[in-house]
Amino acid sequence: DGGITQSPKYLFRKEGQNVTLSCEQNLNHDAMYWYRQDPGQGLRLIYYSQIVNDFQKGDIAEGYSVSREKKESFPLTVTSAQKNPTAFYLCASRKTGRTGELFFGEGSRLTVL
Amino acid sequence: AQSVTQLGSHVSVSEGALVLLRCNYSSSVPPYLFWYVQYPNQGLQLLLKYTSAATLVKGINGFEAEFKKSETSFHLTKPSAHMSDAAEYFCAVTRKTSYDKVIFGPGTSLSVIP
Chain A
1 DGGITQSPKY LFRKEGQNVT LSCEQNLNHD AMYWYRQDPG QGLRLIYYSQ
51 IVNDFQKGDI AEGYSVSREK KESFPLTVTS AQKNPTAFYL CASRKTGRTG
101 ELFFGEGSRL TVL
Chain B
114 AQSVTQLGSH VSVSEGALVL LRCNYSSSVP PYLFWYVQYP NQGLQLLLKY
164 TSAATLVKGI NGFEAEFKKS ETSFHLTKPS AHMSDAAEYF CAVTRKTSYD
214 KVIFGPGTSL SVIP
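First to last, the sequence lines map onto chains A and B. Quick note on numbering: this note's numbering labels position 43 of the first sequence as 43, and the sequence is numbered without any gaps. Quick note on numbering: this note's numbering labels position 65 of the second sequence as 178, and the sequence is numbered without any gaps.
Since the hints were made in silico from the structure, they are not lab data. This structure is a prediction, so every number in the text was calculated from the model and none was measured. C-beta: ideal position from N, C-alpha, C; glycine also. There may be inaccurate statements among the hints.
Over the 12 Å line for every Cβ pair with chain B, so calculated as not near, a few chain A residues [unchecked claim]:
| no. | residue |
| --- | --- |
| 1 | K9 |
| 2 | F12 |
| 3 | Q41 |
| 4 | G63 |
| 5 | K70 |
| 6 | P75 |
| 7 | T79 |
| 8 | K83 |
| 9 | N84 |
| 10 | E106 |
| 11 | L113 |
Computed list of chain A residues with no C-beta within reach of chain B, every gap over 10 Å [claimed, not checked]:
| no. | residue |
| --- | --- |
| 12 | R13 |
| 13 | K14 |
| 14 | E15 |
| 15 | Q17 |
| 16 | Q56 |
| 17 | E62 |
| 18 | E72 |
| 19 | S73 |
| 20 | T99 |
| 21 | E101 |
| 22 | R109 |
| 23 | T111 |
| 24 | V112 |
Here are the simulated BS3-like pairs of lysine-lysine, each with C-alpha atoms no more than 25 Å apart in a straight line [to be verified]:
| no. | chain 1 | residue 1 | chain 2 | residue 2 |
| --- | --- | --- | --- | --- |
| 25 | B | K214 | A | K71 |
| 26 | B | K171 | B | K182 |
| 27 | B | K182 | A | K70 |
| 28 | A | K95 | B | K162 |
| 29 | B | K182 | B | K214 |
| 30 | B | K171 | A | K95 |
| 31 | B | K171 | A | K57 |
| 32 | A | K9 | A | K70 |
| 33 | B | K171 | A | K71 |
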């Protein structure tokens, strides 16, 4: 079955460490997205990519980095520059077309100790 | 700029009662609108979407929503709540003229009382 796979589901890291969250999709979607979710704040867009080797900053890109070397993959790195990285991170993809809805992975919960 | 507001961060209803979750949007151009549901520690899944074909949209699990341009609203309803409806609900908007970004509201947590 097609879908989006995020890993790891739970991750702990110490302050000052970078961590990379994986996101893989086999839906053949062109666009991919990373959102951050905090209680009471909904989903905030970190980065998005509409084609391979191209991506754009969302509303809260500071302290994060991404790459899009393959259509299927859109990893997110949470760097030590991110001041408050503890959150639930959601990856999504979207079929090209104006009405296309987002398809989400199961999420990755990052806790900084 | 686009934005989405959801009135009521938490809503409680009795089992069998009407569910009404409110969503208002702000968009300078005609929008596409979505409702998503999220169960604990999971990703979001689509309930329904408005793409201008019809103002009353029916979705999964008995939910529906009505687009009202004059009120800039897209409220979600279900005639009779079920225990399994307890979840977090998000309204989202994207612009017809630039559909790359999808903006989410803050969410409404629905509790169903037996």
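Hint by hint, here is what the structure shows:
no., hint, in the structure
1, K9, "8 Å, violated"
2, F12, "16 Å, holds"
3, Q41, "6 Å, violated"
4, G63, "20 Å, holds"
5, K70, "20 Å, holds"
6, P75, "17 Å, holds"
7, T79, "23 Å, holds"
8, K83, "21 Å, holds"
9, N84, "18 Å, holds"
10, E106, "5 Å, violated"
11, L113, "20 Å, holds"
12, R13, "19 Å, holds"
13, K14, "23 Å, holds"
14, E15, "24 Å, holds"
15, Q17, "23 Å, holds"
16, Q56, "8 Å, violated"
17, E62, "17 Å, holds"
18, E72, "17 Å, holds"
19, S73, "17 Å, holds"
20, T99, "4 Å, violated"
21, E101, "5 Å, violated"
22, R109, "7 Å, violated"
23, T111, "13 Å, holds"
24, V112, "18 Å, holds"
25, B:K214 to A:K71, "18 Å, holds"
26, B:K171 to B:K182, "18 Å, holds"
27, B:K182 to A:K70, "40 Å, violated"
28, A:K95 to B:K162, "14 Å, holds"
29, B:K182 to B:K214, "21 Å, holds"
30, B:K171 to A:K95, "21 Å, holds"
31, B:K171 to A:K57, "34 Å, violated"
32, A:K9 to A:K70, "22 Å, holds"
33, B:K171 to A:K71, "32 Å, violated"
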